[in-house]
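Undergrad: Protein chains in written order, with this note's numbering: chain X, 1 to 285; chain D, 1 to 283.
Hints were generated in silico from the structure; no laboratory data involved. Be aware that one or more of the hints could be misleading.
Restraint ranges, calculated between C-beta atoms of paired labels, are given here [said to hold, decoys possible]:
(1) Thr66(D) to Asp129(X): 41 to 49 Å
(2) Leu268(D) to Gln178(X): 47 to 55 Å
(3) His26(D) to Trp9(X): 55 to 63 Å
(4) Ile272(D) to Phe50(X): 35 to 43 Å
(5) His112(D) to Arg148(X): 57 to 65 Å
(6) Pro77(D) to Gly47(X): 46 to 54 Å
(7) Ile262(D) to Ala192(X): 42 to 50 Å
(8) His112(D) to Thr43(X): 27 to 35 Å
Note that beta-carbon positions come from the ideal geometry of N, C-alpha and C, so glycine has one too.
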Amino acid sequence: MGFLHRHRWLTPYLLLAPGIAFLVVFFVVPLYYLGYTSLQEGTVQVGYTFTWAWDNYREAFSTYRGQFFRSLQYAGVATVVALLISYPLTYWIAFRGGRWKNLLLLFIIAPFFVTYLIRTLAWQNILSDDGLVVGALQALGIVADDGRVLATSTAVIAGITYNFLPFMALPLYVSLEQIDKSLIEAAKDLYASSTKAFLRVTLPLSAPGVIAGTLLTFIPAAGDFINAELLGTPRQAMVGNVIQSKFLEITDYGQAAALSMILMAVILLLIAIYTRILGTERMAG
Amino acid sequence: MTAAAEALPRRNRSAASRAWAFVRRHTITFFGVLALAYLMLPIVIVVVFSFNDPAGRYNYTWEGFTTEHWRNPFGPPFLGDAVTTSIEIAVVATVVATILGTLVALALVRYHFRGRGATNFLIFVPLTAPEIVLGASLLTLFLNFGTALGFWTIVIAHIMFCISFVVVTVRARLVGFDRHVEEAAMDLGANEYVTFMKITLPLIAPGILAGALLAFSLSIDDFVITSFNSGTTETFPLYVWSQAQRGVPPEVNVIGTMIFGIAIVLMLANVIWQYRRTPKGAA
């Protein structure tokens with residue numbers, strides 16, 4: 001202990017070292033290699049060489065522009081729907097939950113305890129041609145008698161919404177729960193209507209939760225490929241499906257890496273714009 | 001909105017306005033219950049269809065009740081091996097990620113040092129990066145170094161994405177920690193090591209356990225990052241994926257239900273443990 005006593009400033013660094021070293025080697029360095037691979041040319045047979053192959057980017061983007069915009073569109077719609085479901089739900093738990101709050105929260109987290117693929121397959125079951133939803137929608141005349149839900153954009157977006165909803169709900173709940181209820185009462189004492197008190201007090205105070213929730217939902221949603229694969233058809237393919245098949249099936253590493261880099265860049269750009277517009281850096285909630 | 005405000009007597013309150021007040025008050029409750037039902041629906045389907053007796057390969061329509069799949073959940077070929085592999089990977093990844101993550105959390109909460117902001121950033125970014133980018137970039141690392149993909153590359157991938165979650169979970173529990181208890185121990189003559197083992201560690205144990213449980217459930221559930229770094233090794237989610245095209249056997253629902261049940265029980269146990277250890281009135 002003598003050495004550490006004389007060099008106490010070292011203690012935090014010694015605690016950090018193993019964890020941070022691991023993240024640097026297996027998170028930061030791989031991002032460098034992703035960029036490096038995205039500029040390589042070659043095939044599995046002849047090997048890959050680094051040639052500053054910017055063509056990978058040009059080709060990847062022009063060929064898969066459709067999948068790209070579809071990913072952003074699906075992720076955007078799913079994020080909005082998840083917000084519209086989560087806000088009233090978490091508001092209800094935070095303000096009316098009373099002593100049941102923790103139990104009700106458990107319901108929100110519960111889907112996480114069912115393996116991702118299995119819960120998506122459950123949606124395949126629910127939305128299937130002779131499943132619950134299609135029958136009900138046909139009876140109501142919303143879906144034609146020979147119409148389907150599975151293998152459509154609606155099914156893919158529904159799956160994404162469900163799978164990432166807890167990412168929206170948890171930060172929302174945290175920010176709603178932290179609101180000092182007396183502020184809302186004060187607004188009402190000053191003759192604000194319930195609606196006005198909500199719009200002027202509750203909603204602005206929950207903004208950090210909305211921001212964190214939308215980001216935490218949108219980002220994984222934009223990169224997802226499981227829902228499009230299990231609930232859609234190739235016509236619903238997202239950029240994730242392209243990256244996955246290029247890396248793991250057709251070993252077109254250069255373009256696959258280029259697509260991953262573009263996806264990451266687009267997401268970072270959107271985060272930057274989004275947080276700038278909303279004027280906050282409090283992304284972690 | 002408080003009970004007191006609701007109870008205030010109001011004059012000239014007609015039946016219609018009372019009905020309207022009732023609707024306004026309970027619409028959100030109705031919506032909340034509906035949303036919870038929506039969240040539960042797929043889980044119910046998974047459990048119910050673990051008891052189904054499907055006619056063909058596809059477990060979509062209800063054909064009849066059977067407990068056959070529960071009696072032999074590891075019956076289908078490769079399923080048992082995949083589950084074993086998943087558990088082995090999750091155990092190793094959880095132990096390593098929990099130790100590394102707890103140390104980082106301790107450093108972040110208890111010390112002021114240069115590079116704190118950078119450390120926080122490095123912890124935060126993997127939490128928000130799309131999984132496919134994490135998986136793909138790790139694959140390019142292994143490809144460029146010619147590393148053979150398999151059990152250990154999956155373990156590395158899982159430790160990598162679990163560390164940040166452990167740090168965040170443990171740090172959240174450490175923030176409310178009362179340093180005076182440690183100072184008291186030191187005043188009574190305990191050295192730093194004894195203080196840590198006898199005071200600090202037992203007090204932060206629920207936080208560490210919560211972090212470990214989270215890491216374990218993330219590891220056992222992960223498909224995206226694993227699929228990029230697995231080679232020919234098959235984990236449980238990879239098994240499900242490979243069967244998805246041909247029709248997933250009901251045994252998968254059985255194992256899904258088991259994982260769900262175990263996770264819920266452990267969650268509840270951890271919550272109860274914490275309630276018991278928190279003195280009444282404390283945060």
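Undergrad: Indicate, hint by hint, whether the structure satisfies it.
TA: Each hint, compared with the structure:
Distance hint check for Thr66(D) and Asp129(X): the Cβ-Cβ separation is about 24 Å, which falls outside the suggested range of 41 to 49 Å. Range check, Leu268(D) to Gln178(X): Cβ separation about 24 Å, and the 47 to 55 Å hint is violated. The hinted window of 55 to 63 Å between His26(D) and Trp9(X) holds, with their beta carbons roughly 59 Å apart. Range check, Ile272(D) to Phe50(X): Cβ separation about 56 Å, and the 35 to 43 Å hint is violated.
Under the hint 57 to 65 Å, the C-beta atoms of His112(D) and Arg148(X), about 60 Å apart, fit the expected range. About 36 Å separates the C-beta atoms of Pro77(D) and Gly47(X), a value inconsistent with the hinted range of 46 to 54 Å. Our hint of 42 to 50 Å for Ile262(D) and Ala192(X) holds, since their Cβ atoms are close to 48 Å apart. Between His112(D) and Thr43(X) the C-beta distance comes to about 52 Å, which lies outside the given range of 27 to 35 Å.
Figure legend: structure checked against the earlier numbered hints; hints not met, in rising order: 1, 2, 4, 6 and 8.
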